[in-house]
Amino acid sequence: MRDGQPTVLPGFGLTLGFTTFFLSAVVLLPLAALMLLAGSTPLQQLLAAIASPRALASYELSFGGALIAACINLVFGFIIAWTIARYEFPGRRLMDAAIDMPFALPTAVSGIALTAVFSTNGWLGHYLDLAGIHVAYTRLGVILAMTLIGMPFAVRTVQPALLEVQRDLEDAAETLGAGRWYVFRTVIVPSVLPALLTGFTLAFARALGEYGSVIFISGNLPLRTEITPLLIVMHLEEFDYRGAAALGFVMLAASFVILLAINLLQTWGHARMARGEQ
Amino acid sequence: MSITLDQLTKRYQGVPVVNDVSLEIGDGEFFVLLGPSGSGKSTLLRAIAGLSGLDHGRIALHGRDVTHVSARRRGVGLVFQNYALFRHMTVGENIEFALRVRRVRAAQRRRRRQELLRLVALEGMDERLPAQLSGGQQQRVAVARALAHEPQVLLLDEPFGALDAKIREGLRRTIREVQRELGITTILVTHDQEEAFAMGDRIGVMNCGRLLESGTPQDLYTRPTTRFVATFLGAANLILARQGSDGPRWGARPAVHGPGACGAREREVVAVVRPEEIEIARSSETLACSNFLGRGVVEEVLFTGALERARIRLDEQPDAPILAHANGDGAVLIETTRPQFEQRAFAISRGQSVTIGVRRAHVLPTPLSSFTICAPNSSAAERLAGNSLLLDLSSRMKTRIRKHLEPMLGASTPSRDSTAALPGTAVIGARAGVASDAKWLLEHGVEEILILPEHAPAPQRVLIHWTDESARSATLAASASVLRHLAAEAIYIDVLPEQTSTAERSFGIRALLDARSEARAAHGLEIRTELRFGVAAQALEQRLSESPGHMLIVGVASTSQLTSELAALLAMARWPVLLVHRERGAPAHSRSAA
Numbered sequence: 020m021r022d023g024q025p026t027v028l029p030g031f032g033l034t035l036g037f038t039t040f041f042l043s044a045v046v047l048l049p050l051a052a053l054m055l056l057a058g059s060t061p062l063q064q065l066l067a068a069i070a071s072p073r074a075l076a077s078y079e080l081s082f083g084g085a086l087i088a089a090c091i092n093l094v095f096g097f098i099i100a101w102t103i104a105r106y107e108f109p110g111r112r113l114m115d116a117a118i119d120m121p122f123a124l125p126t127a128v129s130g131i132a133l134t135a136v137f138s139t140n141g142w143l144g145h146y147l148d149l150a151g152i153h154v155a156y157t158r159l160g161v162i163l164a165m166t167l168i169g170m171p172f173a174v175r176t177v178q179p180a181l182l183e184v185q186r187d188l189e190d191a192a193e194t195l196g197a198g199r200w201y202v203f204r205t206v207i208v209p210s211v212l213p214a215l216l217t218g219f220t221l222a223f224a225r226a227l228g229e230y231g232s233v234i235f236i237s238g239n240l241p242l243r244t245e246i247t248p249l250l251i252v253m254h255l256e257e258f259d260y261r262g263a264a265a266l267g268f269v270m271l272a273a274s275f276v277i278l279l280a281i282n283l284l285q286t287w288g289h290a291r292m293a294r295g296e297q
Numbered sequence: 114m115s116i117t118l119d120q121l122t123k124r125y126q127g128v129p130v131v132n133d134v135s136l137e138i139g140d141g142e143f144f145v146l147l148g149p150s151g152s153g154k155s156t157l158l159r160a161i162a163g164l165s166g167l168d169h170g171r172i173a174l175h176g177r178d179v180t181h182v183s184a185r186r187r188g189v190g191l192v193f194q195n196y197a198l199f200r201h202m203t204v205g206e207n208i209e210f211a212l213r214v215r216r217v218r219a220a221q222r223r224r225r226r227q228e229l230l231r232l233v234a235l236e237g238m239d240e241r242l243p244a245q246l247s248g249g250q251q252q253r254v255a256v257a258r259a260l261a262h263e264p265q266v267l268l269l270d271e272p273f274g275a276l277d278a279k280i281r282e283g284l285r286r287t288i289r290e291v292q293r294e295l296g297i298t299t300i301l302v303t304h305d306q307e308e309a310f311a312m313g314d315r316i317g318v319m320n321c322g323r324l325l326e327s328g329t330p331q332d333l334y335t336r337p338t339t340r341f342v343a344t345f346l347g348a349a350n351l352i353l354a355r356q357g358s359d360g361p362r363w364g365a366r367p368a369v370h371g372p373g374a375c376g377a378r379e380r381e382v383v384a385v386v387r388p389e390e391i392e393i394a395r396s397s398e399t400l401a402c403s404n405f406l407g408r409g410v411v412e413e414v415l416f417t418g419a420l421e422r423a424r425i426r427l428d429e430q431p432d433a434p435i436l437a438h439a440n441g442d443g444a445v446l447i448e449t450t451r452p453q454f455e456q457r458a459f460a461i462s463r464g465q466s467v468t469i470g471v472r473r474a475h476v477l478p479t480p481l482s483s484f485t486i487c488a489p490n491s492s493a494a495e496r497l498a499g500n501s502l503l504l505d506l507s508s509r510m511k512t513r514i515r516k517h518l519e520p521m522l523g524a525s526t527p528s529r530d531s532t533a534a535l536p537g538t539a540v541i542g543a544r545a546g547v548a549s550d551a552k553w554l555l556e557h558g559v560e561e562i563l564i565l566p567e568h569a570p571a572p573q574r575v576l577i578h579w580t581d582e583s584a585r586s587a588t589l590a591a592s593a594s595v596l597r598h599l600a601a602e603a604i605y606i607d608v609l610p611e612q613t614s615t616a617e618r619s620f621g622i623r624a625l626l627d628a629r630s631e632a633r634a635a636h637g638l639e640i641r642t643e644l645r646f647g648v649a650a651q652a653l654e655q656r657l658s659e660s661p662g663h664m665l666i667v668g669v670a671s672t673s674q675l676t677s678e679l680a681a682l683l684a685m686a687r688w689p690v691l692l693v694h695r696e697r698g699a700p701a702h703s704r705s706a707a
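Listed in order, the protein sequences are those of chains A and B. According to the working numbering, the residues represented by the first sequence are 20 to 297, in order. According to the working numbering, the residues represented by the second sequence are 114 to 707, in order.
None of these hints come from the bench; they were simulated from the model. Even glycine gets a Cβ: it sits at the ideal position worked out from N, Cα and C. A couple of the hints might just be wrong.
From the derived model, a few chain B residues whose C-beta atoms are all more than 12 Å from chain A [said to hold, decoys possible]:
no., residue
1, Leu-136
2, Asn-195
3, Glu-206
4, Asn-207
5, Ala-255
6, Ala-261
7, His-262
8, Gly-347
9, Ala-419
10, Glu-421
11, Leu-446
12, Pro-566
13, Arg-656
Here are the simulated distance ranges between beta carbons [said to hold, decoys possible]:
no., chain 1, residue 1, chain 2, residue 2, range
14, B, Leu-504, A, Arg-105, 34 to 42 Å
15, B, Val-182, A, Pro-179, 52 to 60 Å
16, B, Val-182, A, Leu-42, 56 to 64 Å
17, A, Leu-283, B, Gly-176, 36 to 44 Å
18, A, Arg-105, B, Gly-237, 53 to 61 Å
19, A, Trp-200, B, Gly-176, 26 to 34 Å
20, B, Ala-571, A, Pro-179, 32 to 40 Å
Partial list, computed: chain B residues near chain A (C-beta under 10 Å) [unchecked claim]:
no., residue
21, Thr-180
22, Ala-184
23, Arg-186
24, Tyr-196
25, His-201
26, Gly-205
27, Phe-416
28, Gly-418
29, Phe-620
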């Protein structure tokens, strides 16, 4: 906190108090309840819930799929953001608006839409099926749904960062003798890396928690295309709250570790860029 | 020559932003490109660096044509206004960037880095990040980075723009020292004339995409050839004067002259008087060593340390001198600066009546001194005064528009016994009988006539033609004067008769080349040339109709040509036309600026 300079908004004390309260009531308290519930479960039952083969397979799919989806979004989100930020072409605004669509759709609708296109008798799925690629009811389908859902997060975080990269930087690098690929690697990517990481994190987190759209296209085959959120819902339907809480706890812990790691990486990058900035 | 630019042209949406620029810069020279924002100087610099393409022209660096060589292979160093340092790299990494690209070995890179850091006085800063440095230090790093690959040419794009005055001073000195030590040919782009004076071996002044003049700071300051340079490089009083045989003579009333007296006519000229060349005294007897200009009242006195600045309002008298450009609510204010010792000798205060003298005046060679609207009645004069092309030209030329009502214009039987006194360029409205109006004016001693149609788009191309070789120099001088103030391309058109034999055609081409070289040598004006066949007026009309946005400048040697050959073309009233008239055998008034 700065010294007691008057500002437009109420002071530090009030805002910090409000922040703490809000975070506690909406985020921390429910999470604590979850942990308490999981913690009060007998160890035997806990292990049975979180280490069953079905659960292990679902972790693999959920985390692996979300990771792959986030990676895909990182690459294509960057390309989309680059196109929209750097070029002026007819239909650019329309394209810009279309990116936000997955934000606005109820996820179940996305799932139905994806299934309509990619199921074996869907528009695209039909031809893919002939080519031997099966999307619906496979892990590929799960990743596809996760990618769709996470895409706007990746684009929207990278776009402003790309707008900020000065053209002059690229011009400077070019006059110093660097080729396009070299400029891209050593100048552009490092400049937008923090934003890329944020986009990656958001896309990953969104894909991990996704439920609605995935369950339609995955087919939910035990051990093969079952994601952890689905397993949790199944536990809930059997009124096995402790089992659900235990799985939830595992997801929570794992994502916390991953997000923390990415955050640390980002802080380090930021510090490197802006150390001592006036 | 280190840098040779040959007729560079770059257009944005049809408008030339760099317009036929040719320039040669010698080895180790520090050249400053000076101009207001939007004058095309940065675009020109980027073109030299290879960062923006050209529509026309050639660039050679050290004799190697690099017009189609990419920026990364041109071997230039470029420094930007906003530093453009790579923020995620340390100072050392920034400087080594160009060497890393070229896969120079680490030991050698380190040596070069140390050398460059010493050069820009930043030793020991290798490990810092750009964000940890002050603006001045960052720009030093940018200079070191731009020099790492030993470029043949260093280009600086407003490098001091983002720095405050004190740091600017220090950095200027550093850059000049580095440049001298390395002997590297350098171009600096700036809009700050003080900076241009402080740094440049030579200065080139740009406006509207054209390189107007280039020369040493002293030359440009004391002997500018254009109004723009005169007023952009330091302050200047532009005063309308009459050019006599013994120098400029001041006074509002131009000599009255009748028909046939063209040769002996005292032309109206524009004189540049620097504020420090103005002398102030109690009366004309006490003027020490200068030419009496007039009397006036001190309007404002400012103490600025070493110099005192004063503005003096000239008395309104019939024979008072006229400023070419009315500054401040139409008032006629003379600007002066005086050093301390003059202030002690004769102190002035606000409201005091003083005598003004001129120690030294420089007469601009431009043939277009001022505009005089000639119209038969006041409503027609008002219409002409609102013409956008005329307003643009007069404000850019910093000259005034007078109005003169002449009932003889448009009369069916023009009489000859008018005592019209029409200084400068006459401006008339286009109409069916405009040729006889023009003839009448020419017979009354006017030498340039601007004929304006009611509606015409801003000219993008200016076509130049003369019907007689004797009008060539005068037409080129007038064209140069107009084109310096328009963002338009210049095209000289020569028309040969349809049945010209091959042998005679070569003479036509020779005439084109002569026109081009004269325009370039005498006026620094780059023009393009076209050869057409047929009857002159028809060929011109055909060329003018090809696309909108044309203006025509045509030189004639006799008034009879107006009413015969050109009458139909002038009567069309679709393009602005500047008529330049020089009687055969009359002395050429335009002084060459070579």
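Each hint tested on the structure:
1. The beta carbon of Leu-136 of chain B is kept farther than 12 Å from every beta carbon of chain A, the shortest such distance being approximately 20 Å.
2. Not every beta carbon of chain A lies more than 12 Å from that of Asn-195 of chain B, the smallest distance being close to 6 Å; the non-interface claim is violated.
3. Its beta-carbon lying about 9 Å from the closest one in chain A, Glu-206 of chain B breaks the requirement of being farther than 12 Å from that chain.
4. At the 12 Å boundary, the C-beta of Asn-207 of chain B falls inside the reach of chain A, the nearest C-beta of that chain being 10 Å off.
5. A beta-carbon of chain A comes within 12 Å of the beta-carbon of Ala-255 of chain B; the shortest separation is about 8 Å.
6. A Cβ of chain A approaches the Cβ of Ala-261 of chain B within 12 Å, the least distance being about 7 Å, so the stated non-interface status is violated.
7. Listed as a non-interface residue, His-262 of chain B fails to keep its Cβ farther than 12 Å from every Cβ of chain A; the least gap is roughly 6 Å.
8. No beta-carbon of chain A is positioned within 12 Å of the beta-carbon of Gly-347 of chain B; the least distance is around 32 Å.
9. No Cβ of chain A comes within 12 Å of the Cβ of Ala-419 of chain B; the nearest lies about 35 Å off, and the non-interface call holds.
10. Every Cβ of chain A is farther than 12 Å from the Cβ of Glu-421 of chain B; the closest lies at roughly 40 Å, confirming the non-interface assignment.
11. Consistency note on Leu-446 of chain B: stated as away from chain A, and its beta-carbon is indeed over 12 Å from all of that chain's, at 42 Å minimum.
12. Against the 12 Å criterion, Pro-566 of chain B stays outside the reach of chain A, whose nearest CB is about 37 Å from its own CB.
13. At roughly 35 Å, the least C-beta separation between Arg-656 of chain B and chain A is larger than 12 Å, which holds for a residue marked as non-interface.
14. In this structure the supplied range 34 to 42 Å holds for Leu-504 of chain B paired with Arg-105 of chain A, their Cβ-Cβ distance being about 40 Å.
15. Remark: the range hint 52 to 60 Å for Val-182 of chain B to Pro-179 of chain A is contradicted by a beta-carbon distance near 35 Å.
16. The beta-carbon spacing between Val-182 of chain B and Leu-42 of chain A, approximately 59 Å, falls within the hinted interval of 56 to 64 Å.
17. The supplied range of 36 to 44 Å is broken by Leu-283 of chain A and Gly-176 of chain B, whose beta-carbon atoms lie about 56 Å from each other.
18. The hint said 53 to 61 Å for the Cβ distance between Arg-105 of chain A and Gly-237 of chain B, and at roughly 39 Å that hint is violated.
19. Under the hint 26 to 34 Å, the C-beta atoms of Trp-200 of chain A and Gly-176 of chain B, about 31 Å apart, fit the expected range.
20. Take Ala-571 of chain B and Pro-179 of chain A: their Cβ atoms lie about 39 Å apart, and the range 32 to 40 Å holds.
21. Using the Cβ-Cβ criterion of 10 Å, the hint placing Thr-180 of chain B at the interface with chain A is not satisfied: the shortest such distance is roughly 16 Å.
22. A distance limit of 10 Å between C-beta atoms decides the matter here; for Ala-184 of chain B the minimum to chain A is near 5 Å, and the interface restraint holds.
23. With its C-beta approaching chain A no nearer than about 7 Å, Arg-186 of chain B sits inside the 10 Å limit, and its interface hint holds.
24. Contact between Tyr-196 of chain B and chain A, as hinted, is supported at the beta carbon level, the nearest pair being about 8 Å apart and thus within 10 Å.
25. At its closest, the beta carbon of His-201 of chain B sits 4 Å from a beta carbon of chain A; the interface hint therefore holds under the 10 Å criterion.
26. Restraint check, Gly-205 of chain B versus chain A: the minimum CB separation of about 14 Å is more than 10 Å; hint violated.
27. Restraint check, Phe-416 of chain B versus chain A: the minimum CB separation of about 36 Å is more than 10 Å; hint violated.
28. Annotation: Gly-418 of chain B was flagged as interfacial toward chain A, and the flag is violated, the nearest CB pair being 32 Å apart, outside 10 Å.
29. The restraint placing Phe-620 of chain B at the interface with chain A is violated, with a minimum CB-CB distance near 47 Å, outside the 10 Å limit.
Of the hints listed earlier, those the structure fails to meet are numbers 2, 3, 4, 5, 6, 7, 15, 17, 18, 21, 26, 27, 28, 29, in rising order.
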